[in-house]
Structures are given as structure tokens and as C-alpha cells.
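Novice: Spelled out from the first residue to the last, the chains are:
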Amino acid sequence: MTFWPPSRPTLIVLIGAVLLLLLPPIAEALRQPFVISVATRVVILALVTVSLDLLIGFGGMVSLGHAAFFGAGAYATALLTQLAAAGKPLVWGWVPPVEGLAVWTIAIVVAALFGLVIGALALRTSGFNFIMITLAFAQMVLFLASLRELGGDDGLRIPVRNTVVGFSIESQTALYYVSLVALALYLFLCDRIVHSRFGLVLQAIAQNPRRAHALGYRVYSYRLVTFVIGAAGAGLAGALIANHARYVSPDLLMWTRSAEIMIMVILGGKGTLFGAVLGAAVLLLLEEFLIGLTEHWQVILGPILLVVVLTARRGLFGLLAGSRGGGGGHG
Amino acid sequence: MDFALFAEQILNGLQAGVTLFLTAAGLTLVFGIVGFINLNHGTLVMAGAYIAAKIATVTGSFWLGLAVAVPSVVVLGLLLETSVFRRLYHRDHLDQVLATFSLILFFNELARIVFGRLPYQIDKPALLAGAVHLFGDLYYPIYRLAVIGVGVAVAIGLWYLTAKTKLGMLIRAGSTHRNLVGALGVNVGRLFLAIFALGALLAGLAGAIIGPMQAVEVGMGENIIILALVVIVIGGVGSIRGALVASVFVGIAESLGRTLVPYLFEKVVDTSTVTFLSGMFASTSAYVILAAVLIVRPQGLFAGKV
Amino acid sequence: MIRKSFWAALAAATLVTTGGALAQQGPVKIGFVTTLTTPSGYIGEETRDGFTIAMDQEGGNKLGGVAVELMIADDGVKPDVAKQLVERMMQKDGAKIISGVIFSNIVAAVAPDVVKAGGFYVGPNGAPNNMAGADCHPNYFIASWQAGTQSDMAGLLADKIKANNVVLVAPDYVAGKDQIAGFKRYFKGTISGEILTKLGQTDYAAEITRIRSLKPDAVFFFLPGGMGVSFIKQVKESGLQNTALLAPLTVDDRIVESLGDKAMGIRSTTFWNWDYDNAASKKFVEDFKKKHGRVPTTYAAQGYDTARLIASALKAVGGDVSKTDAFRAALKKADFVSIRGSFKFANNNHPIQTWHARDVVKNADGTYATKTAELLFKDYKDPYSAECKQP
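Protein chains in written order, with the working numbering: chain E, 291 to 621; chain G, -15 to 290; chain X, 12 to 402.
The following block holds chain E by itself, in its conformation from the complex (with noise of 0.2 Å):
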């Protein structure tokens, strides 16, 4: 296990990347296209997860109303996209345009600035009220969701998928590669955002937020701004998952929906961002593979979780990664 500590965990994410890959071509082949589709959700909800791993892994930030972005960004991209396919203008006589790159930057936007005001309110606490009132901010969030103005609990259906760069997305495997190159920027940056200087004093501070301050750091700003960076990833997955789905609903914003979001950071190993996408793959399958089983699903997945929780304290990729591999940069 110690054979190999530093270059383990770049192996694993090296394979992990291969075989995303190459999944399409492979369901292809095997004439599994159904396949792609499970994986565009998984690679979707691994985009938020890795958003949600930035703020807790890193930033010390449990938030239990990450949702509200996510759902903030989704339902940012169905508007704009059926106001674009049905021609009328948003506001001043402007007609959104179809195309992604442009309809998504809003829906990042949006995300980002429903986290700036959660987030400027939310950070004045801390520790378990920081917990509850990030809860409390989605449901508010989530009682705007469902006003009729914007399709109340029947949702709403997106018309056509947004295009990229003048491309159609609407085949299953463009929209996965198009998913996945979102994922993969994104942890990217979130890879250089904790392994530069502002990602090091963002863990100084959430292990000691005092002596942080008092090293004259301003711990409130930092913490916004990676809230905000979360909040806006969670945003791009939203765009994304309304595009894989042709649909949105409150659903997206439920309350556990977050603590799912949550699970799959814990699953994956909090701190790890690689995890992230191990964790989200996992309980995916898990639960596709034991709703397939038996109605009462949910009374074997909830002791398996539990399980997870009591034994892998480091998640799946610690196991994966061995004893001293894992962990990213967060000691």
C-alpha cells in the first residue's frame, strides 16, 4: 500500500479519466447506448459534488442547501432556452440566444449571485448554524421554484438542448463530452485554486479560523469568494443537468437533494475533489442498481451508507488511493 504514496492517486485519476473517455465508444460497440446517458447524469452530479467538495473539504463550509445554485442554474438555462426556442424577448426586446456558451454563462452568473447573498449572510455564522441557515436559504430559494410563474411543481420543459459553439448537442454522446470537458475544467480549477496561495490560507482557515484572523487574513472574504466559486460550478452542473434532462422542476432544490450531494462528497472522500466524481458515480449506480432490486430499496441503501460513513473515514477514493495517497491537498 505504501509501495507507491505519491504517483497512486494520479494513477487512479489518470485510469478514471481513460475510461470516461472512452465510455461512449465502448457502450457504442456494445450497442449500450442507454449506458451514455446514465453516465451524463453521473458526470453532471459529479460537477456539483466536486463544487460542493471545494466549499466542505477545503473551505471547512458545510453547506446543506448546495441545491439552491444547482437548481438556481437549471432553471436559469430552461427559461432563457424556452424563451430562445419560442423567439420572445426576456427583457428590452432581447431574444436569449440558443446557444450554450452564452445561455450558460447566465446560468452561472445567476448561480454565482444567489451565492453571494446567501453566502455574505450565511458566513456571518458558523459550525452547525452555518448548516441550518444554508438549509434555510434553499428553501426559501425553493418556494420561489415552485410559483406558477415558473411552472410550480409540474416544472418546466426545455424545448431544445442549448447548442455549443454553433454545434447541436442534442445526441446523448455530444452532450456527455460536453459534460464531461465542463467537469474536467472545472476541477481543474479547482485544483489550482487549492493548491495556490488563497487555497492554502483557505485551509488554514478552516482549521483554525482565529488564528487566521489573527494573522491578519480576512477570513470572511475568503470564504465568500469560494462560495461563490462553488456556488457557480453547482450553477454550470444545473445547466448541464437541464439539458441532459429537457426538464426542470423543484425537485432539483429539495433539501435532500443536498444532503445527496453530501453523501456523494463523504462517499468519494471530503477534501479529495477527485473523489467527488468516485462518490457521485457510486451511489448513482447504487442506486439504479438496487431500485432495479426491490421496491424497499431504500431499506438496504440507507445501512450500506451508514456502513460507508462508519468505516471509510476518507471515503472510497481513500481506500482506493491507500493510507497516505489521498487527501489532495488538505491534510
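Hints were generated in silico from the structure; no laboratory data involved. Please note: incorrect hints may appear among the correct ones.
[Stated by the list, open to error] One-sided and incomplete, this derived list gives chain G residues near chain X with beta-carbon spacing under 8 Å:
id : residue
1  : Ala(-9)
2  : Glu(-8)
3  : Asn(-4)
4  : Ala0
5  : Tyr104
6  : Pro125
7  : Ala199
8  : Val202
9  : Asn207
10 : Arg242
11 : Pro246
12 : Ser262
Ideal Cβ positions, reconstructed from N, Cα and C, are used throughout, including at glycine.
With the hints as your guide, set chains G and X onto chain E.
Specialist: Same frame as chain E, now just chains G and X:
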């Protein structure tokens, strides 16, 4: 709105508040002393409600249901403490949230398997059936008054426990300086177990007395736990006094909001706006109060005070 | 050890999602995505149990003499889960017929995908209004009723009992508001208040106080499942005894069983009830009782008739669902003996059927049950059909 109507809403809010308090008190005690977040606490309420309802349905006696349900839930709580929760005390909040969340999944599905998918309802005991004439037009159900009475009795009991007994002294010491209690030579394991039993007792009691007022169904624990978490945070985590004040405040605010909002706005704006406003109030008032309190007082109202 | 079992689970999961075989010749696959968890789980349970009675009557796993495989899965009232399930059933397992969905927001999420992929959606429960109107589709069938109709009828019922001052109560979500709109369609009296409650709410003390202050002579409430149980219980204990209680379909036999004498006096609307006096209905009720030991609810009836409708169409094409046009025509023809008597589809593929009022009665043995009462509307065609542009 006449005075009788207003008074009735206050009573409704008070009753909702003290029911909430029974759940929240156990939760905040465990959190304050043990430092453990138990999302699964709502499941204990559900267990109390189901056991009481089942026995009451089979035997026809509410009292027998109550008498069996409360100790059963205490036993369930103790089993959970010794088998699972004990292993989580030294873990961070995140692990605790997830472990107890996974238990919710398990127990909800288990309840569905054991008790079926149909909601249960039980009758009020004959002794407490009917309504009592308070004044003017105001008739109020005796059972709900009794629930308020139970809540007040529990609040007084908890006050006595914390202020006058040795256990209470430890609770007070533990809520502010958790690490010190062990240093005082107290058997911490036994103290935690006792706290847990107390929390489970209150949850079981809450569940059993809810039965005659509303449907007993799978998932009822989740609705209760979220609201209970909200009020313990508003009150200041670990503070029983805070939990009481916040429970009653949220209960009354929701109750008044649901009737006052339509009443006040009915003549000013159109019907759809009124339904929007009252819907908004019903769905979000507890969360708005929580956010407002924490923004002004990040530690909650009574943090550090039992 | 733990590590090992986890990998076993993961490997198994991968196998299931990747290693399954292609759809082969064999039984006709029917995807049945329904709600078995959440407090509304009993509705899916009833629907499924009714559906499978039709299969049992043909000797098990057969509909219209054709071997079928019913793939049942729980959606947990989550649209994205339902979408994923439907996708799997259609793409991986090769199902062309999807049924079972309970909630209208789930129908809104999955049905358009089903018909777009060339499949058939045959719904056993209500669905969004627009899909009965402007957004209707030739491959989209609802075997139960158009969602708003039960409340249209409740409005008629309110007129019949000469209610003049009515308060409406429904949860604050789209289907709830649609029911309120439906009630107003034929109701001629005054509506003194519309009260929207939280979805899943259990305590209605504040609402009931408000209702009492409005002094209505009838209250119409659309509160399915546990919400209705809580509401009725609290109303009956609040001194509102002299106000008529009107409900759409939601007060079914299992709710009545749960409420006992508190259900007395509640009047609801229905398209069928277990006491319907025709051979098909009697046979269904008898077989259902024999298997499950309880009286079938309207949800079970919907499941059963949905299965019988599918059976009639499968029989017409000899089990070859790839004959899409013939299968569609056979569904539309609805050539089966419905337990509700007359049954035919309007242009929007929703039933044209007769509606009755329904009461709650006490049996000789002390139990409570529903009972069919006066006729409300004969051969009702829902108003949305006018907006549907298909023949």
C-alpha cells in the same frame, strides 16, 4: 378579526409550539451535551406515533398505546445509542448528519414494510374528547388544551431537572464546557446514555400524543425534524430555554400568519395575491425567522444558556 | 470485508447498467413507473394491485392472450428519477408501453419523452390539463379521467346540494390550484375563501379557524392521502359539523377505512365505485378481494381498466407492438368491457364517461364503506378536448 378568533389562533400556535418543543428539547439536549446532531430524532417521533396508533387501534385504548409507546421508543433510542451513535461522537458534524440521514432512509422504509403504506389515525381518549367553552364564541378542543398542559409540564420538569439536580448541573456544565465534564470524574458514557434516554422519552411522548390530532404516516419524522432543527438553532443550540421560546414563537407566528395574512390583505389586493402571500407565509415563515435571527445573532437567541 | 462487499455491489451495479442483453423476442415489456414510497405510496400500491389483477385473470403475466412482462419501479415522486427509469425501460429493456405514473408533474416529465421516442403512454391516473388540450398526442392515452373532471363534478355536486357559500382548500401546487379552478367551472354560488396549504401539511387548526370565521355551508377540499386524513379528523373535531364536506376522488375506501366514523357525511365524486352493478365490475371486485383481502379503491379500478385497455390492444395486434399504427388504432377503439360500463375515448384520448356522487355509509358489521349516490353527469367529455387538434 374578533378577539375570540385571535385568541384561538394564539392557542393553536401555542399547541403547535409545545408539540414542537417536545421534539426540539431532546434534540437540543443531545446536541448541547453530547455534541451530536441526530437527524434520526424525527424517526423516534414517528416510531412513538406508529406504536401508539397501532396499539390504540388494536386494543381501543389510547392510554395503553401511550404507556407502551414511550418506553418502547426509549429502548429503541438506547439501542441506537449503543450500536451506532456512540461511534459517531468523536466524528465531525458532517459524518453525523450523513449517518443519521441514512438511518432515516432505513427506518422510513422499515415503517412502510411493517405498518403498510396507508396513514393511520386514532381517536382521542374519551376523557379528553370534545371542546370546552372558554369565553364568548371560543370553544377549544380539550385534547389540544391537554397537549399544551403536557408541554408546560415538560418545560417545568426540564427546568427543575437542569436547575435543581446533579444531572442538571452536569448538563449545564456540559452545554458550555463539554470537555470539562469528563475531567470532573463523571462517567461520560453513562451521562450520554441518560441524556439520550431522556431525549428518546420526549420524542416518544411527542409521537404518541400527536396521533389523535393528525395522520400517522411514513415521512412524518422528516417534516418534524427539519422544523425542530430550525427552532433549536433559533433558540441557540444546547439551550432548552431557547428551544422553548423559539418553538412557541415559530408556532404562533405560523398560526397567526396563516390567518392574519389573508385577513389583513383580503380587502387591499386581489384573491390570487392573497393566496400567494398566505402560501408564501405558510411555506417559508420558519426559515425567514431562522435566517433573520442568525443574521442578527449568529449564535442564536439563548446560546450558552441552558 | 467491507471493502470487498462494496466492490461486489459496485460490480453488480455496473453489470446491471452495462451488461444487460438487448431487447429480444419474448414477452411484451410494459414499464410501470409508479409511486410506492412517500406518504402517497398507497396510491401506487393500489394502482399496481389493480393492474396485476387483470394479468392474474388471464392466468398470470398475460394480457389479451399475449405474454407480458410488467417492470415495476418506484419513482419516489421525483421527476428526474422517473425520467431515468423510463429511459432505461425503453432503451435498455425495449419497452414500448409505459404506464403506472400517479403524479401529474411526473407525467409532465416523462410522457412527452415516451411519445417522442415512438412509444405509447397509457396513464392510469390524472395528468396535466394542457396534455388533454393543446398538447395532446396520438400516442398518449389516459385510461382514468382528465384530472380536472373530478373537481368539475364537485362543483356540480355543490350546486345540487344548494350550497351557496363555499370555501375551497387545496395544497399550494399546480394540481391543487387546477382542482380549485375545476370546482369553479360549474359552481354558481359564492366562493368566500380559497385556502392554499403547504404540501404535506399535517396541522390544519389555523385554516379551520379561518374557515369557521367565513361561515360556509360547504367546504370543498382536495387533499390526497394523509393530508386528507388529518384535515377531516381536525374538521370533525372542531365544531364545523354542520358544514357539508365535499371532496373529489380523494376520499376512497382506504381513507374511509382509516377514518372510520369521521368519514361519515363526506360527499365525493367518482367515475366508478366498488358497488357498481355490472358483471365486469363484480368480477374485478371479487377477484381483488380474494387476493388482497380488501375492497378495491378507485385507484385500483384505474389500474385494472388500464391493464384491460392495453390487453384489448395487444390482442388486436397479436402482441406485435411494432405495428404502431394498428396498436394505436386498437387503443383508441378501447374494445373492452370496462368496469364502469360505457367507455370510449374522446378526440384527446381521454375517456368520455359518466360521473356519480359518492357517500360514506356504515355497514351492518360496524365498518364503513363508500356507496354510489346520485348521477352527476352522463357521458361527460372534458372541456379541454376542444383545444386538442387531433380527430
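Novice: None of the hints should be skipped; say for each whether it holds.
Specialist: Checked hints:
no.	hint	in the structure
1	Ala(-9)	violated (10 Å)
2	Glu(-8)	holds (5 Å)
3	Asn(-4)	holds (4 Å)
4	Ala0	holds (6 Å)
5	Tyr104	holds (7 Å)
6	Pro125	holds (6 Å)
7	Ala199	holds (4 Å)
8	Val202	holds (6 Å)
9	Asn207	holds (6 Å)
10	Arg242	holds (4 Å)
11	Pro246	holds (7 Å)
12	Ser262	holds (7 Å)
Checked against the numbered hints given earlier, the structure breaks only hint 1 and satisfies all the rest.
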